[in-house]
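Using the sequences and the hints, build the whole thing.
Chains E and U, in that order, are what the protein sequence lines are.
Per numbering that gives the first Met the number 0, the very first residue in the first sequence carries number 0; after that it's consecutive.
Per numbering that gives the first Met the number 0, the very first residue in the second sequence carries number 0; after that it's consecutive.
Keep in mind that a hint or two might mislead.
Partial selection, computed: residues in chain U whose CB lies under 8 Å from chain E [stated by the list, open to error]:
no. : residue
1   : Ala128
2   : Gly140
3   : Leu141
4   : Gly145
5   : Met198
6   : Tyr246
No lab work stands behind these hints: they were computed from the structure.
Every residue, glycine too, gets a C-beta built ideally from N, C-alpha and C.
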Amino acid sequence: MTQQSISNEKKIIEAIPGAFEMENGQPYLVGTKCAKCGAAFFPPRYICTYCLTDEGVQKARLGNTGTLYSYTVINVASKEFNPPYAFGFVILEPEKIRIPSVLTGFDLAQELKSGTKMQMVIEKLRNDEYGNEIVSYKFRPVL
Amino acid sequence: MRDVAVIGVGMTNFGKYLDTPIKELGRVATWDAIKDADISPKDIQIAYVGNACLGVITGQAMVLGQIILKEVGIRGIPITNVENACASGSSAFREAWMAVASGMYDVALAVGAEKLYAGDTRLSTRALAGGSEIEYEANLGLTMPGHWALRAKRFMEKYGTTREQFAKVSVKNHKNGCLNPRSQYKKECTVEEVLNSRMIADPLTILSCNPLGDGAAAAVLASKEVAAKYTTKPVWVAASALSSGSYDLDREISRNQLEEVAGKQAFEMAGLGPEDLDLAEVHDCFTIAEFMRVEGLGLVPEGEYGKWMDEGWSEIGGKLAVNPSGGLLAKGHPVGATGVAQVAEVVWHLRGEAGERQVPGAKVGLAHCSGGGVASDTPACCVHIFKN
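Right under this line is the structure:
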């Protein structure tokens, strides 16, 4: 190792800071819940957009499984991404809210049906311009 | 609220202008509109200038309107820069309309200008991703074509719409673009060509997506009394509506509720219905977008636009001409300019000046612009109805 590479030590950065937390090796999404109407929000909303109150709206651990709602394969992306990759909306269980996510763990040539059971995982999303590793939650089909 | 007329419109050809400064595009369109209105720049009392992407592409944010308008000798008056995703230009037009309708000003100017070509498609894509939440969806890798691909997949599943029916939107709009001298593309395409062109985000191929584009458009608005001094062919703003999304995390993404809201408000304000329209310029940023928007606005019953495409009912000369200009797909989509260019298109049709693409006897036209993707919803939808 040269001095250069040691001083340029790469960091691991969360794409959305605080989006998930780990317990016993399992990741969970972190959002908010409204005690009054039961609505869940991800990313967190600290004012319930249904009850229009901040009372009883608290940070909450959400689920890590869901079902596929719709997905596509993105072939042209912004500068920092490396297509092709699958991107979809997953309906999170048990909260029944839509989560946008890169989909992983399957061959892109394979067709996923909506309603497919999905499991959340934490993976590298991309590298930033300094070579740091950006990580995020993703969902993979439970096949 | 006072009656407001459009008394002059102008527009550059849409296209690729890598070496042309944006102030030149803006100047050409603005001067065209001023000449068309036969008014002096000193009689313009207030101006609104729409742009969406230049801040990211070249860093030119904040004062674009002042930079453009100094080129035509407009100075000293209030100038506001308007940014509202793809609805930036139509939102600028709406502000100008409000300024005159409210009685505060008698003559207002709306301009839209944009340069999306950057010599680097990925930089342009990055700028366009600003239409979604950068710290959320865009940061996870969701692009604007991605947003629409997700809606398209859902739409196909729900209504049984085929890829061929989506492709027919591109075929129709490219055909119309051939009749429009200001169109970026003047080349017809076939369903097979649309389906076999490069895949951007499944099911959207490159011919299912609007191209990058540069250009500008402008419109001069005046109160009824003032309009009478300048023109014998005023085109009246019968309605203006602007809505935003609901962002509910459980809503159905194959429908855009904000279009239902803005469409209903606009028709109510105009005292007209969809059956009164002769043409509609609808924000066809993607083939699926024309489907969701004509249905969302209530121009076509839910789930029936596929049949409309098969029957050719939205072609010029059909039941309702949709995007006779060529739309975003063929005429092009310099984002901030689009809303004002749509106004110009409707005005030309209502004056009978639309040349080969003229909708015969057009009396009522609608212009619709929606933009962005936030929390899997659309954040801005602007609808104007015009009559002569």
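For each hint, the structure was consulted:
no. : hint   : verdict
1   : Ala128 : 5 Å, holds
2   : Gly140 : 5 Å, holds
3   : Leu141 : 6 Å, holds
4   : Gly145 : 5 Å, holds
5   : Met198 : 5 Å, holds
6   : Tyr246 : 7 Å, holds
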